[in-house]
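Asks: Given chain Y, put chain F in place with the hints provided.
Protein chains in written order, with my numbering: chain Y, 1 to 149; chain F, 150 to 429.
It should be emphasised that the hints constitute simulated quantities derived from the structure, not laboratory data. Careful: at least some of the hints might be erroneous.
[Claimed, not checked] For lysine-lysine, the following DSS-like pairs were computed, each having C-alpha atoms within a straight-line distance of at most 25 Å:
| no. | chain 1 | residue 1 | chain 2 | residue 2 |
| --- | --- | --- | --- | --- |
| 1 | F | Lys-190 | F | Lys-152 |
| 2 | F | Lys-406 | F | Lys-152 |
| 3 | F | Lys-327 | F | Lys-226 |
| 4 | F | Lys-374 | Y | Lys-27 |
| 5 | Y | Lys-45 | F | Lys-226 |
| 6 | F | Lys-191 | F | Lys-173 |
| 7 | Y | Lys-6 | F | Lys-374 |
| 8 | F | Lys-288 | Y | Lys-27 |
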Amino acid sequence: MKTMKKNIYRATSEEYADIPGTYLFDKNACAKGYNLNMFCMSMMKEANRKEYLADRSAYLDKWDLTPEQKKAVLDLNWLGLIQNGGNIYYVSKLGATHGYSFEAMAASMTGNTRESYRSMMLSGGRPIEGNRSRKEQQKKTRTKGAKSR
Amino acid sequence: MSKVIAGVACSHVPAIAAAIDLGKTEEDYWKPLFAGFERSKKWIKEAKPDLIIEVYNDHGSALSLQYIPTFGLGVAKEFKIADEGWGPRPVPSVKGDPDFAWYLAESLILDEFDMTIINDMDVDHGLTTPLSLMFGNVKAWPCPIIPLCVNVVTYPPPTGKRCFALGRAIRKAVKEYKKRDLRVMVFGTGGMSHQIHGERCGLINREWDTRFLDRLSRSPQSLVKIPHIEYVRETGAEGIEMVMWLIMRGALNDKVKEKYRFYHVPASNTAVGHIILENN
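Isolated chain F, as found in the complex:
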């Protein structure tokens, strides 16, 4: 029987990826941030997931304004690294797991989540930055990764309630996957408070973010009612990415063990938030 063993939430700031790729991790500006992920790297090495479902958003790299799927699921064997305007990141391409991904797509759609099925897609910093933070510099990512993309760019993004419910449907699908005994992790990426456009750029709301982390850990149901406008007003326009964390949280049990938490300001324009939650 397969099961979700843990959830990880993690910001996906592109400047973090650039700092890794350009060898700047030891610089004063970046050092404290990377130090904050040392424990996480050790943890995931020991926890050894067989497969990761990574919830992220494409930033106009593979998807565009031409088609805007609210939820998309990557079923390909391999996902290449996107060129976002400065050449593709020098990291390994992402290997999927078509058998499991197709199973998951079927299960979610029959559970009334109308996923867009994606056969061919390059993945951008939204997906690869958290992988770099969790696994460091590797020749190949240690397990298959299923990209689950969410529209958080064009309004309206899905509601927190819908995201949490999608997480629940993922949990059920994983549990019912009998072909292999997979130990699955779900990553929720993006956030925390940040605004990267307009005159209000640079907004950070540490108090709100901290409360969000507390509730994510202990009382996640209370988060699903937060309307989009509260994210925008309180955490900066791009803070809306945090609805994706609720998919991760929905895939976990009600009661989880908070293994680790890290919060750091700034990475470029962003408050970096990170939390590891284990199912008991």
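So here's chain Y without its partners, still in its complex pose:
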């Protein structure tokens, strides 16, 4: 019997989930984050920015967000927004409204100050070695632990 040739571009959610600190904007995120991202997009209009900034909570209530999403917006919790279906390009409109650049949001998502994040970037960025795979990272911690014992 002929077997179907595997599509070389296809990867499973589990394979993507193995990449550390990364939230793929796939069907699940897109569905979960639809209202949140459309709210963020509304920040492209000056009139909406004004209305939102005048009473953030009331403006948010018009967008049918989940309680987690609303809280993340109110807290300007950039990582929380991503974890709740936000896509960074949409979230960046909210960032801009509050004076956050992509760099400033990135610093916050990695738990860095802007200065320490910028200095990491100036020294060549986050290295790829050790940042490819969660499994690889866990293996390493285990062997390290074994060696030190």
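Replies: Here is chain F on its own, set in the frame of chain Y:
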């Protein structure tokens, strides 16, 4: 007869646009980056394209999650500058070329690339940053620009193979356009390695990027098989934008002359990559 004379690949980091717009190009942080484009500016001034097809992605500025075209082609007379949350960039609006753009849309669709036809669209930093880098501060962009947008935001983006094949179809369409003798350039924008969301923000993979540039120049066919997950893992989630470079490359001949290459880390979160390839 019209022809594609050259391809340009270039990152489109919004912070670069902001640095230009806020007059920061002479600051220590930005100086080396802008110095890297001096030769490119000179080159394009001499090469004088009649028209540019610019491959880029909209970042939730004109297109949204409401409709997500995999490939879209702008056929309007004019494309206004988008307000991305901090007001529109103070750069000239982009003039299209409806006659050529409609011709291109027809040709691509009949060649089985199901383009979304876009009559009205504001263009964001994805399109305007490379123009600023290549042309500097100008009162008007020197030639018509046809925006070709690609979905690289919502999964799955098109495959590298499909992107390269679209480039081939563009090449054919340009060659068969007889109404005028246009010298066309194709820009591929975005990339190179960068991740701007999640705890892994700031990832840079210089080695991978360098290999990509080498292969883009000499053996582009070998790049079409790179699966999305490799871009995400090796170059950061947003590095997937590099599939758009393959559209540009597909529009060029197999053998090209590499005129110039530039690579710089960092611009905000990103490894800026830039290459100029000429058809002989």
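Asks: If you draw a straight line from the CA of Lys-327/F to the CA of Lys-226/F, is it 25 Å or shorter?
Replies: holds (21 Å)
Asks: Keeping to a limit of 25 Å between CA atoms, is the pair of Lys-288/F and Lys-27/Y held or broken?
Replies: violated (42 Å)
Asks: Given the hint that Lys-191/F pairs with Lys-173/F, does the C-alpha gap stay at or below 25 Å?
Replies: Holds - the C-alpha atoms of Lys-173/F and Lys-191/F are around 21 Å apart, at most 25 Å.
Asks: Given the hint that Lys-406/F pairs with Lys-152/F, test it: the Cα-Cα distance must not exceed 25 Å.
Replies: holds (16 Å)
Asks: Hint check: Lys-374/F vs Lys-27/Y, CA-CA at most 25 Å. Holds or violated?
Replies: Since the Cα atoms of Lys-374/F and Lys-27/Y sit roughly 23 Å apart, the hinted pair holds (cutoff 25 Å).
Asks: Need the status of pair Lys-45/Y, Lys-226/F: alpha-carbon distance at most 25 Å?
Replies: Holds, at about 24 Å.
Asks: Holds or violated: Lys-6/Y with Lys-374/F, Cα cutoff 25 Å?
Replies: holds (13 Å)
Asks: With the threshold set at 25 Å, check whether the alpha-carbon distance from Lys-190/F to Lys-152/F stays at or below it.
Replies: With a Cα-Cα distance of about 21 Å, the restraint between Lys-190/F and Lys-152/F holds, given a limit of 25 Å.
Hint violations for this structure: number 8 only, all remaining hints satisfied.
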